[in-house]
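So the chains spell out like this:
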Amino acid sequence: MLSALLSHDRPASRLLAALLVAIVVGLAFAPFLFPGAKSLSVAAKILVFIVLVASYDLLLGYTGIVSFAHTMFFGIGAYGVAIALARLGPGWGAVALGVALALALSLVLSFVIGLFSLRVRAIFYAMITLAVAAAFQTLASQLSDLTGGEDGLSFKVPEALTPGFSLADAPFLGVSLDGRLLSYYLLFFAAAALFLVMLRIVNSPFGRVLQAIRENDFRAEALGYRTVVYRTLSNVLGAGFATLAGALLALWLRYNGPDTSLSFEIMLDILLMVVIGGMGTMYGAVVGATLFILAQSYLQDLMRIAGAALGDLPAAGGFLAALLSPDRWLLWLGVLFVLSVYYFPAGIVGRLRARAAAAKP
Amino acid sequence: MEAPAVAPAPEALPKVRTDLLPLLLVPLLALAAAPLVGSFPTWVTLTVAGIAMGLIIFIIASGLTLVFGLMDVLNFGHGVFIALGAFLATTVLGGMADWTASQSLAANLAAIFAAMAVAMAVAGAVGMAFERVIIRPVYGQHLKQILITMGGMIVGEELIKVIWGPQAIPLPLPAALRGAILIGDAAVEKYRIVAVVIGLAVFAAIFWVLSRTKAGLLIRAGVQDREMVEALGYRIRRLFVGVFVAGSALAGLGGVMWGLYQQSVIPQIGAQVNILIFIVIIIGGLGSAGGSFVGALLVGLLANYAGFLAPKVALFSNILLMVLVLLWRPQGLYPVAKR
Amino acid sequence: MSGALLALEGVHTHIGAYHILHGVHLTVPRGGLTVLLGRNGAGKTTTLRTIMGLWRASHGRVLFEGADIAARATPEVARLGIAYVPENMGVFSDLTVEENMALAARGARRAAEIDRARLEWIFGLFPALRKFWLHPAGLLSGGQKQMLAVARAIVEPRKLLIVDEPTKGLAPAIVQNMVSAFRELKRTETTILLVEQNFHFARALGDTVAVMDDGRVVHAGTMAALAGDEALQQRLLGLALAAHH
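Those sequence lines, one after another, are chains A, B and C. This note's numbering numbers the first residue of the first sequence as 1 and each following residue consecutively. This note's numbering numbers the first residue of the second sequence as 1001 and each following residue consecutively. This note's numbering numbers the first residue of the third sequence as 2001 and each following residue consecutively.
Errors might be hidden in some of the hints.
[Claimed, not checked] Taking beta-carbon pairs under 8 Å as the criterion, some of the chain B residues facing chain A (in silico):
#, residue
1, I1146
2, G1151
3, G1152
4, L1309
5, K1312
[Unchecked claim] Restricting the straight-line Cα-Cα distance to at most 25 Å, the calculated cross-link-like pairs of lysine-lysine (DSS-like) are:
#, chain 1, residue 1, chain 2, residue 2
6, C, K2159, C, K2145
7, C, K2168, C, K2186
8, C, K2168, C, K2145
9, B, K1214, C, K2145
10, A, K156, A, K45
11, C, K2186, B, K1214
No wet-lab data here; the hints were simulated from the structure. Glycine residues also receive a C-beta, built at the ideal position from the N, C-alpha and C atoms.
Input sequences plus hints: build the corresponding full structure.
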């Protein structure tokens, strides 16, 4: 039963299985295990990013194409919900319309970009997506009537998801049963469903062809697979799932702006999560997103403390303080990223699986 | 040694045919824009600005396209050298305030050339380190290459923020280069003329090297058939490092010129220009220095015309140009013949 | 002829996951012309590329003048005095004939520094090159490109000349030109290793011969012996000959 749910793609490592169970249990009972607004937000962000990172891995890990436009699709999803709710007012119809329009836009856009650049030369794809994403970001901030520009959009969500909504008067296990809790579980089940669908996709015959193309596109072509078709399809799929992840994010935050869903920094975060977790394994997305967001949410505080402590030192301390200041978070991210790609290309999941395989006789 | 008696097969002398069509696109674009812009003086101003911008972009793009052609290395970190050059210019020109404040053109130019020399030297040196640390370990692995060089780009940009701070730094033009001169009714900014002259000089130098020196011949040969260059006894690795360092230095030079063109420098300048450069080298044909020249001029001109006619879609105009070019010639304007 | 200039001893080569050479033993005597025969896919080109260091031998030794060069990089191998003409000729099509020749002459910084007498001698072998001297090599016909490729390999004196199928796809008149050119080359006592499918060409030029099959040398001897033994030809080259008639 569980195996079928996981599309027979088992973790294949006891340690990995334990880690995954811990993460799933942690996320499933987060409102009860880690009460507090901040920790619930962190858990919700982890849920959204698991879907987003897994959808990116569909491209990078399973198909071997590098896209820098993934946040564009993420942003389209978030803006779709945000604009629909801001214009039409809170209601499930508006949510559905926003998601549908965003999905349609993403699918068309990814199809055109994919067909166009993947047909010409696979390496073009990275460059072209970079250019298109940058242009899109500029566009989003210029169409401020629609998108709220740099300030973004705040909006009301359907009543059932608002903190004011209450399921029961008495708190359950010390947690009040309100709309926030409902929102969280909406996110949880949506993310779980999307993740399982993606797991099914990569373990389907379609997914195996993608991997064959990644390993050797000449051979896959020789075997009669139209690599352009498969690559474009995986591109479209990845974009679709990213759009849905964006919609979930907007529903949770009740706000969307360029920095929450479109910025290049998020693109880097995604890359790092994929690499840390392990490219080419859906479970890598779970592990990578969880660890990364936990670190991002709590390590920056540590850096702030360290930076402040060093700031008291004279001269050399000043430079060190500049290096350790939380504003330089991205610097360390970049270094970590480069080192991970060099020394840790299989990521955590790859390592754990390799260790488990080596342990077996 | 006597020649054996062999009757050469009678064959017609093939005509030397050069493909000038893409080159014609540049004046065509300029002419097509004229009626849209409407006023002739405005058109002259925009065209000069476009050519100046195009030449600066070419200086930056030439190294990147050759690096790709020679070793199949696509360096997403090229922008670091642009930013480095631009920030070094703020430091050097700031330190030579007496020279830049002087009304003497000679003093002004001396200050600019000093900034360029420093930028090229430092960017070249950093390029050498970048090649060794970032690029060498991932030769032949495209996926990792893209990821690693992108990582290098981010680290470089952050280090620039650590050194120069994250905020924009003004980079005013030296006194004698400020303002515009009137050519007929058209106002043409003085610095743009300087940029055109320097750009053409660099263009001439690059093409002299590529067509008249042995190193240049080796680069052109290596872009086509790396193995054969090695089989002739040349170490292509060394050649590649040389091109990488020269390309980085040129990016540094371009960074100085771009910073002066914008008259202010932000740490994201590298990432911004990087996008233009990618469009240019795709349009030109990856590996073709001549193609990147045509592509850069097209992008520079179009950016200025579009910025004037429809500022909101200016960024998309370049993407549209790329799409049109690729529909016409899928491998770019001047595809490089590979084995 | 005094001993072997080049000798391969038990050379194995893998390309990716494929095991192509399974222990090649090959001797190229000094001063002679050795022909490597065999059907397509026998490993002839891989053997040449392994000698040049373009593929790395996973096992075995490649001895040039007694020194093992199996681990050396291609440019170093070339600098020992080995010239190589690949199957695709490796002509730089964007460069002129002159520039192609100037690159091949490592000692010359520009075309004008190429040894004049030697150049005249090469023009004598391949008159077309003089005619097209300033033209981009990409405009040459297939035969002319092959001439340029061979001319490049001999623009400076080399100890060993390795040529992969110089007659591939050439018109008979051009093949005759090639035969004459190689005859002239043999007179200069250059050691030559040729891969050839055209047995008539091979027989006209070869001193010694080695036949490859399935990644091994299955026969080695003098060309005279092979040319005189119809049964042996049939057994070793039946397919290859049939394919050319």
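Results of checking the hints against the structure:
{"no.": "1", "hint": "I1146", "result": "5 Å, holds"}
{"no.": "2", "hint": "G1151", "result": "4 Å, holds"}
{"no.": "3", "hint": "G1152", "result": "7 Å, holds"}
{"no.": "4", "hint": "L1309", "result": "16 Å, violated"}
{"no.": "5", "hint": "K1312", "result": "5 Å, holds"}
{"no.": "6", "hint": "K2159(C) <-> K2145(C)", "result": "23 Å, holds"}
{"no.": "7", "hint": "K2168(C) <-> K2186(C)", "result": "20 Å, holds"}
{"no.": "8", "hint": "K2168(C) <-> K2145(C)", "result": "12 Å, holds"}
{"no.": "9", "hint": "K1214(B) <-> K2145(C)", "result": "21 Å, holds"}
{"no.": "10", "hint": "K156(A) <-> K45(A)", "result": "19 Å, holds"}
{"no.": "11", "hint": "K2186(C) <-> K1214(B)", "result": "31 Å, violated"}
Violated hints, in rising order: 4, 11; the structure is consistent with all others.
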